[in-house]
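K.L.:
Spelled out, the chains give:
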Amino acid sequence: MALHDIRLKVNGVEYTAQVEPRLLLVHLIRDVLGLTGTHIGCDTTHCGACTVLLNGEPVKSCTVLAVQADGGEVLTVEGLERDGQLHPIQEGFREEHGLQCGFCTPGMMMSAYALLQQNPNPTEEDIRFAISGNLCRCTGYVNIVKAIQYAARKLHPPQ
Amino acid sequence: MGVWYMPPFELVQPRDLDGALKHLADWATDTKILAGGTDLLPSMRQRLFEPRYLLAVGRLPELRGIAWEDDWVRIGAAETLNAVAEHPQLCQAFPALTEAAASVAAYNIRNMGTLGGNVCLDTRCHWYNQSYFWRKGIGFCLKKDGSVCHVAPGGRQCWAAYSGDTAAALVALEAQLRLVAPTGERLVPVREFFLNDGQRRFVLRPDEILTEVRIPQWMAGYQGRYFKYRIRQAVDYPLVGVAVLVRTSGPRVLDVRVGLTAVNPMPRYFDVPSEWLEDPPEAWVERVVEAVVRLARPLKTSLLVSPAYRQHLVRVFTRRGLRSLLALPTAA
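Sequence lines, in order, name chains B and H. Read in order, the letters of the first sequence correspond to residues 0 to 158 in numbering that gives the first Met the number 0. Read in order, the letters of the second sequence correspond to residues 0 to 331 in numbering that gives the first Met the number 0.
Honestly, the hints are just simulated from the structure, not real lab data. Among the clues, some could well be false.
Partial selection, computed: residues in chain B whose CB lies under 8 Å from chain H [as the list claims (entries may be wrong)]:
#1 2
#2 6
#3 10
#4 14
#5 15
#6 16
#7 17
#8 23
#9 58
#10 59
#11 62
#12 64
#13 82
#14 84
#15 85
#16 131
Even glycine gets a Cβ: it sits at the ideal position worked out from N, Cα and C.
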C-alpha cells in the first residue's frame with residue numbers, strides 16, 4: 000500500500016506526515032499528532048464526538064480520510080484555548096453546566112464554534128440545528144444550549 | 000479498532016476528470032468512487048466494500064460549481080449537500096430539493112457529503128448495513144456475502160430501500176444526470192436512472208462517473224416541499240420521504256407532481272394527470288394521495304417501525320404537502 004505525503008495545519012501549526020490512505024483523520028489527530036481532545040464515540044458516523052473543523056466547517060473526523068484533509072486547516076478542541084484563557088465557549092460549558100460525562104463535549108464545542116463564527120446572534124433554534132449532528136446522552140441538551148448562548152453573549156455583548 | 004478497521008486500499012487522486020477516466024479505463028471494476036465518503040467509508044469499515052482502489056473525485060473542477068446555463072441549472076455532483084441546501088438561488092428556485100438536501104443526515108455530515116453521493120447512495124436494510132461480525136452472526140444476506148433475504152425469505156431479489164432524500168425532489172423536477180465514461184458521456188433522466196432492485200440499484204456502470212445534476216430552468220416556477228420521517232431527526236436515514244411540487248397561476252392549478260423515497264428499492268414519482276386539475280382541488284387531492292400510497296411498498300428493511308406505519312406516513316405527508324401548497328384548509 001503506497002504511503003501518501005500530506006501537509007496540513009492543525010490549530011495553527013503546520014504538520015507533515017506520511018500516511019496510509021486508509022488512515023482516518025481522527026486517528027491522525029489522536030494517534031499521530033497526539034491531540035486526544037477529539038473523541039471517538041460511535042465509529043459509525045452517528046454521534047459527532049469526533050467533530051473538528053476542516054477549513055472552517057464542522058465535519059465528523061471518523062468519516063474523513065486524513066488524505067482528504069491534505070492541504071487544509073483543521074481546528075480541534077485544543078485550539079480553542081488561547082494563552083491559558085478558556086474560549087468563551089469552553090467557559091460557557093463550565094458556567095452553565097453544559098456537560099455531565101463530557102464525552103460529547105469536544106465535538107459539541109466545535110459545532111458551536113462554527114455556528115458562532117457564521118451566526119454571532121443565533122436563536123435557540125439555530126443552536127439546536129447547529130448541534131443536531133452531535134449526540135449527548137447525559138444532559139438533555141438544555142444546558143448545552145445555555146452554554147452556547149452564554150458564549151454568544153460573551154463574544155458579542157448586547158449593545 | 001477491532002471489527003471496525005478500515006480495509007486497505009490504494010488511493011488514486013487525479014488532477015482532473017481526464018485523469019479519473021484514464022484510471023477507470025483500466026480498473027473500473029476494482030474501483031469505488033470517493034466523493035465526500037460519508038456513505039462509502041462507514042460501509043467499508045463494515046466490510047460491505049473492499050475495493051482495490053478508491054478514486055477521489057471530490058476536488059475535480061469538472062464536478063464543482065452551481066450555474067444557470069442555457070435552459071438548465073447545472074449542479075456539480077461534488078458540491079456538498081450544505082452548499083446546495085444553503086444556496087440562495089437554489090432555495091428560491093427548487094425549494095423541495097434544497098429542503099431535501101438540508102434534511103440529509105446532520106450539518107457536520109453535509110459538509111462532506113455531496114449531492115452526487117446522495118443520488119448514488121447505497122440502498123439500505125437492517126440486515127445489510129451492519130458490521131461484518133453482526134452480519135456473519137445473523138447469516139449473510141444476498142446483497143452481500145450470502146444467498147438469503149431476511150426481509151422476504153425465499154425471495155431472490157434484494158428489497159433494500161433506496162434512501163437518498165434528494166432523489167425524491169429530483170424525480171419530481173425531471174432532473175438529468177451527466178454520466179461520463181472513458182468511451183464517452185450520456186445524459187440520463189433521473190426518472191430512468193434507478194432500478195427497482197436493491198442490489199443493482201441504478202444504471203450507472205462501473206466505468207462511469209456522475210459529474211453533474213441538471214434541472215430544467217422551467218421547473219423553477221413550482222412551489223415545493225419535502226417531508227421526511229426518521230427515528231432520530233438529526234442522524235438517521237429516511238424511512239419515508241415525500242417531495243410535493245405544485246405550479247399554480249392565480250386560482251388555477253397547472254401542474255402537480257409527487258416524488259417518493261425510502262419506501263422502495265428505487266425512488267418513485269406520480270405526475271397528476273392534467274385532466275384531473277380541471278376540477279377544484281378538493282375533488283382530486285385524495286385521489287392523488289391514494290395514487291402515491293399505491294406506489295409505496297415499504298417492507299421490513301427497518302425494524303424500528305412497521306411497514307404499515309411507513310405507508311400511513313406516505314399518506315399523511317402527501318396530503319399535508321398538497322393541502323399546504325394549495326392553501327386548502329387542513330384536513331381534520
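K.L.:
Go through the hint on residue 62 of chain B and say holds or violated, using the shortest Cβ distance to chain H against 8 Å.
P.N.:
5 Å, holds
K.L.:
Hint validation: residue 131 of chain B versus chain H, beta carbon distance must be below 8 Å. Holds or violated?
P.N.:
With Cβ-Cβ at 4 Å, under 8 Å, it holds.
K.L.:
Hint validation: residue 58 of chain B versus chain H, beta carbon distance must be below 8 Å. Holds or violated?
P.N.:
5 Å, holds
K.L.:
Does the interface hint hold: is residue 10 of chain B within less than 8 Å of chain H, judged Cβ to Cβ?
P.N.:
18 Å, violated
K.L.:
Next item in the hint list is residue 85 of chain B. Is there a CB on chain H closer than 8 Å to its CB?
P.N.:
23 Å, violated
K.L.:
Should the hint that residue 82 of chain B touches chain H count as held when the rule is a Cβ pair under 8 Å?
P.N.:
Violated, about 28 Å.
K.L.:
Hold the hint about residue 17 of chain B up to the distance rule: shortest CB distance to chain H must be less than 8 Å.
P.N.:
Constraint on residue 17 of chain B not satisfied, violated at 13 Å.
K.L.:
Any CB of chain H closer than 8 Å to the CB of residue 15 of chain B?
P.N.:
17 Å, violated
K.L.:
Would the hint on residue 14 of chain B stand, with a C-beta cut-off of 8 Å toward chain H?
P.N.:
19 Å, violated
K.L.:
Under 8 Å, Cβ to Cβ, is where residue 84 of chain B needs to be relative to chain H, so tell me if that hint holds or is violated.
P.N.:
26 Å, violated
K.L.:
The hint names residue 23 of chain B as touching chain H; please verify it with the least Cβ-Cβ distance against 8 Å.
P.N.:
7 Å, holds
K.L.:
When the nearest CB of chain H is found for residue 64 of chain B, is that gap smaller than 8 Å?
P.N.:
7 Å, holds
Hints 1, 2, 3, 4, 5, 6, 7, 13, 14, 15 from the earlier list are contradicted by this structure; the remaining hints agree with it.
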